[in-house]
Amino acid sequence: MKKIAWITDTAAQLDEDFIRKHNVHILPLSVVFSDGSFRESIDFTQEEFYDKLRIAKVSPKTSQPAIGEMVSLYEKLESEGYDFAIALHLSSGLSGTFESAQAAAKMTNFNVYPIDSKIGSFPMGKMIEVGAGLFAEGKDAEEVVATINKMATRSRLSFIPSSLNQLHKSGRVSGTQTFVTNLLNIKVVITFEDGITILKEKVRLNKRAKDKVTLSLRADMETGTVPEVSVIHCNNATDAEIWKSELLQEFPALKVQVAALSVCVGVHAGEGTTGLSWVSY
4 MKKIAWITDT AAQLDEDFIR KHNVHILPLS VVFSDGSFRE SIDFTQEEFY DKLRIAKVSP
64 KTSQPAIGEM VSLYEKLESE GYDFAIALHL SSGLSGTFES AQAAAKMTNF NVYPIDSKIG
124 SFPMGKMIEV GAGLFAEGKD AEEVVATINK MATRSRLSFI PSSLNQLHKS GRVSGTQTFV
184 TNLLNIKVVI TFEDGITILK EKVRLNKRAK DKVTLSLRAD METGTVPEVS VIHCNNATDA
244 EIWKSELLQE FPALKVQVAA LSVCVGVHAG EGTTGLSWVS Y
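Numbering (the working numbering), first residue to last: 4 to 284.
Derived by calculation from the structure, the hints in this document are not laboratory data. One or more hints might be untrue.
What the hints assert, rightly or not - Derived pair list, reagent style PhoX-like, types lysine-lysine, alpha-carbon separation capped at 20 angstroms: (1) K55 - K5; (2) K129 - K247; (3) K129 - K258.
Based on the provided sequences and hints, a complete structural model is requested.
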């Protein structure tokens, strides 16, 4: 049986049990504040990041793993006797990590299959889980990569910022838009479509925004199978747990988990953001 390594980045937000079970190697994304660069999950916790974000006078930037770090990891895996690696990364519409993985793969003799997840968070873990299961059944790398690429087209992630303040600070929306939406209590729904984020809806009140996202979930449940969803959040587990309870009341057979989003999302979406993510089969 071939020795296979999985590689991803901290956008996936995998827990330690999952990482150990599937032998996943994590490349950290970084947040650059005025006083330096900090690697996600290594140099600070989620709580420490949001404490720092609240007092930052200048909005931080995000940074992808260095290509040299990728090359070093690939060479290390080769020296440890791995036959090849699957490198699944944050959407290329948001980060250059996938392109760097492609370039790094050409700089070594180790066989690496870079994959653009076209998303972040929960679906990335499901892609690794499904891929690992296929390898256990004896499928080859090309078939696993093809399956994961199909999953990327059926993966969903929508989120609702608590306000547009952080999106304004990070340069994603204008000051006028921020003022008006906050004044009128307008909520926006931001959704991944073909690997990029778009402003999908503008509605009054957070409940209506959640209803819009849940409507998309219902549509996928009617045309396919959605066994599991993840309520995602930026340092807002309380509201995420409330949304989980609401979903279980409507869909009692649905498996619902709550998970924190990468702090790199928090840089733009801001603290208090909640959302929903799933894969339709």
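Now the hints, each set against the structure:
The straight-line distance between the Cα atoms of K55 and K5 is roughly 44 angstroms, outside the 20 angstroms bound, and the hint therefore fails. Taking the CA atoms of K129 and K247, the gap is about 19 angstroms. The hint holds against a cut of 20 angstroms. In summary, the hint linking K129 to K258 is supported, as the alpha carbons are separated by about 13 angstroms, within the 20 angstroms threshold.
Checked against the numbered hints above, the structure violates only hint 1.
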